[in-house]
Amino acid sequence: MSFPLLTVTAAVPAAGALATAAVPAARRAAAKWTALVFSLATLVLAGVQLARFDPDAAGPFQLTESHAWISDFGVRYELGVDGIGVVLVALTALLVPFVVLAGWHDADPLEPATPSRRWRPTQGFFALILMVEAMVVISFEATDVFVFYVFFEAMLIPMYFLIGGFGDRAGERTEDEAAAQRSYAAVKFLLYNLAGGLVMLAAVVGLYAVTADQLGHGTFSLTEIVQARGSGRLHFATVTERALFLGFFFAFAVKAPLWPVHTWLPNAMGEATAPVAVLITAVVDKVGTFAMLRFCLQLFPGASTWATPVIVVLALISILYGALLAVGQRDIKRLIAYASISHFGFIILGIFAMTTQGQGGATLYMVNHGISTAALMLVAGFLISRRGSRLIADYGGVQKVAPVLAGTFLVAGLATLSLPGLAPFVSEFLVLVGTFSRYPVAGAVATVGIVLAALYVLVLYQRTMTGPVEESVRAMPDLRVRELAVVAPLIALLLFLGVYPKPVTRILDPAVEHTMSQVHRTDPQPDVRVSNAEGAK
Amino acid sequence: MSHAAAVHRLWTEFPTAAAVDAPKKIPAPHIEYAQLSPTLIVLGAAVLAVLVEAFLPRRARHLTQLALSVVGLAAGFAAVVALAAKGYGTGKAHAAAMGAVAVDGPALFLQGTILLVALVAVLGFAERRLDPAAHGRPVDSFAAQAAAVPGGDAEQEAVKAGRTTSEVFPLLLFAVAGMLVFPAADDLLTLFVALEVFSLPLYILCALARRKRLLSQEAAVKYFLLGAFSSAVLLFGIALLYGYSGTVAYSGIADVVSGAVRTMDPALAATTGNDALLLIGGAMVLMGLLFKVGAAPFHMWTPDVYQGAPTPVTGFMAAATKVAAFGALLRLLYVVLPGLRWDWRPVMWGVAILTMLVGAIVAVTQTDVKRLLAYSSIAHAGFILAGVIAVSPDGVSSVLFYLGAYAFVTLGAFAVVTLVRDAGGEATHLSKWAGLGRRSPLVAAVFAVFLLAFAGIPLTSGFAGKFAVFKAAAAGGAVPLVIVGVVSSAVAAFFYVRVIVLMFFSEPKGDGPSVAVPSPLTSTAIGIGVAVTIALGVAPQYFLDLAGQAGVFVR
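As given, the protein sequences belong to chains L and E, one line each in that order.
full-length UniProt numbering numbers the first residue of the first sequence as 1 and each following residue consecutively.
full-length UniProt numbering numbers the first residue of the second sequence as 1 and each following residue consecutively.
Only chain E is shown next, with the shape it has when bound in the complex (with noise of 0.2 Å):
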């Protein structure tokens, strides 16, 4: 009997006696609790950090929060490492929560990155040496009353009573949930709630800058509108693939797709197996995933959005998304759609080869460092899709490793771009780093060493990361891909050699900006970040290694 069928019969027949009296049991749903402890673990912290918000006084939040969210990321990474090594990643993967959530080696990798990355990325959040203090309270990145008009004066009395947002660790918490889950979604509907929960958070985060607001708003309001409507592709597509098999669970799918299915559903008969559902339905599933990874042609927004975002949160986003965004991607690519991969590869190849060389050739012409570094960051994530292609285990984990390279360099890079100030707050045109490396060379220097990893210079992680990818898709066939991925590396090389050639070789200007004197917060940031990449430069040994036993999806 049809499941449609059954629930058709609870209003067609009237319920005898029998039946009343021995109710129907509903089996309860079966969650191994244990095994979704990172995500439960981070999104109990976030309810925490609501009701912190909530009843505590305005005076003790701001160290509560930042406490509760360190604490609560550091906890949600030692779920990970625990589960990592019961060995749910390679013996014991299997998918959990009713076929829900998988927990197996990419998953895992992938969440102990993110929650890495957001344990570093709020350190930049809690920043507050950075702004002089308003009206003697300390201030930090964040408006000081998020629906205060700009420039109104609800804003001034805010300004003036010094009300620091401390919202944005509750939103940082949701966000890293819904990225928790995203690489580790099994089925297409919990991908999509997923979706919903890291990119809702992000969107209002965008809008909080403290200085340029406008920009910052319109920044909101772009990345907003152009997600909506990605996720609405998205939603489409999900619906396709449910009528092409009949289920949103991966699994399910990639039987029909491979023509294994065993017992078809009569009420969607008409449309199972109509590869046109299958195609399109793909396709569009596919477009908002790209979306998120900021591919081209699916990249207008980044470069917007980077440039008005907070430059914290530009950093997190940048850093954070990208990863859980890919984690999904190979995840949908690898499992579902394989049975498919002839068609899909030439239609990646294309993404790939765009995406390397839009993001290569228009960051050249740029003039303010973070669109420069968002141009930056859509063609490494070509460089990614090089990896994504090869559709073999050292692709994934070359992928793995590439995304936990780039997350530090990106996440540092930023921090950085926070330090360069002048009276409008960040100076983060590029004519006003000119002679930076005479007047803060330490500074200047960190840098460097981060646009050199984003260049592929040898000796940086950034370099191991490139190699390995670029060695997957040789390996896979893909020796083309690989071709443009140097001739774009060459291309994007220029550019960034160009920030080096105006922090150390110009003269500095006499009204230039100056360098503030951060907190220990951002110092650790930035550390971590010249650490990560000097380490898995000249020692990715043992990195590779875990990325290469994390590279096998449950199916």
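So that you can see chain L by itself, here it is in the shape it has in the complex (with noise of 0.2 Å):
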């Protein structure tokens, strides 16, 4: 037997949430180093990975495991990688140590009285962000449907802890105010993703019964269903085939988020420590299109297909809407929340519009957000601690104070508004440039979130960064080393892949195809009016 890599991956941090809960509780600083140290193994892992996975292989996954678990519910435990799937769960080990440096400090309790010996909020804070990466993983590799939905659902727990249990200080806010504002925030965060959940179990029992029924034996297996419905043994009726299709798209719709079940975003992005909300937005809510690509459309293409049309149009209100509202907003991390909800617009609408540039567009941009919003959203989260107000109408003219955090801000803030050079720019291009050969009507109209991003973005820096310095502003200090760690090397990622996205296209590309070719859809032939053979392919 060979070495269960894609197991271990997930083990490592779920063993590191349980060593940092172990920490005693005087040992604060024990507990964040235990927790950077897994997140770092966790990384090694998964380059590992990268380093192991054959973009040319043949077979749709690879560094597969297989085990027995519960054959009574026909549930194998089921592991391997994709192009799509090795990526994501890279940038998922990428994050989480930012995540964690960035959160140093952010659950030091704030009195040395505790209400008890036991309470330990740190060790709690570090093991939940490495419980929710375990768990995050393992659903990137899961190539079991059960398998994936237990742990699509149980991380919402530990998010749920994350949200409601640690948050900003409290501003101007009494803290009583601010833990109310915050448990709702969890509750919503919560109710919102199980009653998503709950929907595809149905469809998962569904799913069940239709493989009992026509295989004579209930299946979970991606891999046995694709191939059983390739050849004929398994045949889904449209209509049964369209209700599980709307069962896991309603699930993965929320998760992901999309319009209009996305309100529980800003409210969780908003209440959470800027951290946690870059572990929401750049690593929990991919599982979310992910999920689209892997499951939706892989088990029933033709209910994908049908359903296009509408969730095109979703997708596209979903990105002019979150960009309005964006323009909006005079809180910082809901600004931030919006635009996310916006781009995930522009990744659901390059996964629908059934196109190789599309789908290649999404996956990219789904490693792009990723980066760019945990920048963005970190860097915002230094500004806030300092100043202990997420308003954008208390701060002005930082730039003159704290140059290097203004500077990393607009960087960072370029890349959410997709500038050419830095990486956003290529997805979104392949994305619009894929839409637009299927739907130039909804390709055109998506462009306009363009526009809007670069207002929102330019607007925010230049209100809180340019103008004359604001009082309450003069004597912040810029960044410290543990935050420009955290900042340099996602900003100098986004540069790379800016310029060069090849190494990771390289690894999505033939996955993107395979989805495809799951789907029976093959790219638009270029119009004879289409002069640029070049743009059409």
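What the hints contain is simulated information worked out from the structure, not anything from laboratory work.
Glycine included, C-beta positions come from ideal geometry on N, C-alpha and C.
Among the hints, erroneous ones may be present.
What the hints assert, rightly or not - Covered by chain L, per the in silico footprint, the following chain E stretches (three or more residues, Cβ under 8 Å): (1) 446-459; (2) 468-481; (3) 543-551.
Build the complex: two chains, separate frames, hints provided.
Right, dumping it as structure tokens:
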């Protein structure tokens, strides 16, 4: 038996969570270092995965593992990665050390006198982050629908405690008000996602019933179902397939999040600490868009094609609605949250455009959005932690007192608005091209989202960083070494991938082509009126 | 010659000399004592416990009773395992004791579950470290003297004398014995006798709370009156079914229902096969059982009784009664009335949907943790009914698994409730649980695990159970039930989450309750609850296999 690399990649952060939680109450620093070490170990393992992954190998999944788990439910513990999965595992493993480092002081107890000897918020904070990482990693690796579902749902619980249990310092609110808003945000997050997950549960049960009925044994194995469907042994009735697709898609749309089930995200990201907000939007939400590609499209290709027009419209609404609301925000973190909703609109648009450029762009966008939002949110978090306020109006002229902070904020912001030369540009461009070749109107409308992105990012920068120096920021220190260590690598990556995205696309593209072939869609043939043959490929 | 005619002749014909010389031998009933040993062992322990109560000095009773109960229940469980190992659960399954008691897979599985549940529950019964000692003597959750008027002189005296109600142990054992027979009963009269044997001790146990005695007595009276009423309905239904079929044996009634009857009692010729009797009688028997499982619309007693009863009793009752009653319900529907399933399935659909929705929706407004758990138990009864309706071996095994999983979560949850206390005893009002996570992270975390299991979050036993019953229901064509189940799970999740929010995200109140440090007894009970909850969530396969093997009823 070969080395179970995928299991170990998920097990290391899980073990790290236990180890961190076990650190005695007084040894807070030890807990932080434990968490950092385990997250770095996970990063190393993810690197090994990337190194051992062969983009050109035949077959959909590599590094596969398969063990009996619950044979009564037809469940096997099956893991495997395709190009998309391996890249997203790497993204997760890359971002979590930064999250840990950025949140270094976020969970230090306020006052020395804690209510109980056993109350260990710092240990809990870092243990929960690692727990989320473990569950996200295994979700990216699972090729059994049931295994995926289990961790997709279970990750809500640590996430819920992270949002509700830890927040920004109160600022102008009283501690009680802040706690009330935090727990409201946490409950909203959990109920939205739990409702989505339970609808999916009905669909998962339905999938079992269909496979048990037609194959003689219920199964959740993605490869087996796809094979059986290909060979004609398994045939979904149209209505069943659509119902099951909707059940799955609803859960992923809540997670992603897609308009109109997006409303939990601004609350959650606003109330959570900046590193936790990064964990939500850059890591956890990716599971939603990833699962659309892996499960919705591959299990239910017919229904996916059927639903495409509606989903494209919803994605467009997300792009415009998120961008418009971002323009109108007075709260920095909520602004970034709405910007993310807009970007998730782009990702979903790319997926359901059903073209290789669109899906290739969408998968690349998942990576780029993760890095750019993490950079922007973390710098914003550093800014907020200095002033103790999330309101844009409380800042002004920061670039004069803290030029490095302002500079990194600008680069991250420009990445968010997809400036050419920075990573998100490539992916956004691909999504638009891919959409345009199939749905020209949708492609044109989506372009408006880019214009609005320029508006909200630049206005945010202008109001906070330029102008006369606000009294309250006059003594603001610039980025510290720890903070710089978080931001600098992310910005370097944004620049690198903006100029040379090939290392990532090289791994992603074969997987995207495989997905496309599952949906039986080919790129639209170039129209005779298109004179530029290169553009239509 | 019919039986009735033979009896008639006893007093119409003068016995002849020859008849006197050679009296007709009545064959002694054939009883397979070994196969009934689980029940007999527990009954024996119960009788011994009564003798202990009568003859041992007061000081020695508590420990003796605890040891006796644990040994009796463990021996009973060992007997169940031995029977299962000999193949009585599968190949050798048959109806023992002249067809009165079935020894088959479901019976043994449920008996094993009940015995384990009772073993854990006994630990909670014996806990004496939570309440402060009264006059230098340790006290448990039960009234000093049950017969004393609350607040009266006799009670004062009993408290001062440091008396305790160690009668709870024999009462528990008798109740367990009844519960062991209930899901195994293979004729309607045995069913009724078992029902009474386990119900009467429970009525008494409910009235024995040390604190809040009036509430406890009110609960007991309510439970007794409604229970007596439902027993009467059940008995009436039995009479009607007898009229319909001329027998009380399950297999005999099933034969008449399916039209395979060979002989007919001429005295009952006028009524045999009368469908009106069958439908009304069947409905009344079902009602009696649905009352016991706490399904809507027969659930009204649940919140009051759960709230008023001493918490260790509530935990035992909520877990074990549900197991026993669902076992009996399964056997009745699968053995007696399968031929009638086109009639009862729509009705049970309605009951299941109503139960899930009522339990989940009404729970949202509750402010007392015991009432909350009571409504949650109603919602869970609805989920289990969804599996019952599947009418397939898969349905049976999923229900068996769910019952086992649910029983231990419930026991654990109520055991945690006994720990959270203020000056007035247990602090069950939810507002007092605010900030528990800050003050006692471990207790709050354990309770959160149980709540997440109730909510059916993956990696807990609640999820595996829910998935099993929904899977069986969907395969049985009850997809709308699954959808209702999912919707009510979402509603139910809301109030479980609310409690978690309260414990972890609210600031502790200054005069809030404290968490009592329990003796190893309660700690063990809670530990077992957590271990089973996680084990059945992460690796349920072994137990699913066990339940799958136990999924066939003997006919």
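Violated constraints from the hint list, given by number and in increasing order: The structure conflicts with no hint, since it agrees with every one listed earlier.
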